[in-house]
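Input sequences plus hints: build the corresponding full structure.
Chains as they are written, first to last, in this note's numbering: chain A, 1 to 100; chain B, 1001 to 1143; chain C, 2001 to 2119.
There are no misleading hints in this set.
Calculated cross-link-like contacts (lysine to aspartate or glutamate; reagent style EDC-like; alpha-carbon spacing at most 16 Å):
#, chain 1, residue 1, chain 2, residue 2
1, A, K16, B, E1106
2, A, K16, A, D46
3, B, K1016, A, E94
The set of hints was computed from the structure by calculation and includes no laboratory data. The structure displayed is predicted, hence computed values, not measured ones.
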Amino acid sequence: MLHTVNKSPFERTNLKSCLRLAGKGDAIMLIEDAVYAAVQGTAVADTMAGAKDDFQVYVMGPDLDARGISRDSVIDGINVVGYDGFVDLVVEHETSQAWL
Amino acid sequence: MEDEFQGTLETEGVRKNFMFLNRKAPYGSIYAQEIQEMVLISAAFEQNTAVVFMDDGVYQIKKGQDTSATGMKNFSPTYGIFQMEKEDAEEDEDVDVVWHIVVEKESMEARGLTPEDFVIDVEVMDAAELQKLMAEQDVILTG
Amino acid sequence: MKIGILVNEGPFNHQASDSAYQFTKAAIEKGHQVLRVFFYYDGVNNANKLAEPQSDDRNVSKRWTELAKQHRIDLVVCIAAALRRGIKEDILADGFRISGLGQLIEIGIAADRTVVFGD
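In structure tokens form, the structure reads like this:
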């Protein structure tokens, strides 16, 4: 299953709920304001570093770029993809769940 | 080009598992009200249906809603139709559609609520059980 | 693969419509068939042809129209959500059509994948 999260973890609980309900091995795609969760050195960085042991975590490159976040500052093990990679993830997983 | 799309998509004989996931409180935004319309329309397509209330979505089905002084429409009585659809599906032997109306235990307890606080009968599932139900879905619609 | 899209938010206020557009475009470029894009909630505002964003910004509804023309995509606006917000035939951008909410459920049934963009 593919989960998409689009809200900053500092503002909303979408990511928290996603991590509570996602199954082991599921993919999590961080888009829009959720890309802030993929950055090293934040208050949620430890949570995300732990999350990538249970899930495959992806972050939307164009959304990082738009927000001035260097791709080098992304937590190791979180994969940066573009819209084409997002499409591949949707195809790869039978169901998509958007945590709105 | 609009004429090319007047038709409908082929849906005959296909039965999928649909989940409608409610995570937002009523009235502060329109999502709860409009997703309710989504569930009602989908019932006509006789798909397996799971309506889930979690996070602030559990407030949608709280008893005692009175919107009169806000001037807004109280749509909480309509949740009764969900329950009727579920009961119809269970009673009708010719239709083998499965309905679930679920509240996530963690969300309910975090808000100091119990099943007695809700306008409809619900199945209370913990996160692990809900995760299992979610993994069985073909389509998950949210608002 | 057959993909269906649900857009829950209008243009500009949220990024949802932008993300949905970029995703739809990428899916088509990869050779997938986008069965239908359905606009619900404030998403119906994407179909308002009267919107006039400043010239140095994107025109969200026009961009959907062009994508639909180029690739024959079915853009459907929910009638109940549209009427509630004053979106009617006479202000409907090219390529959009107004229909019932059942058309969303059809996507779920007929498409291999349904992807939701919202706030």
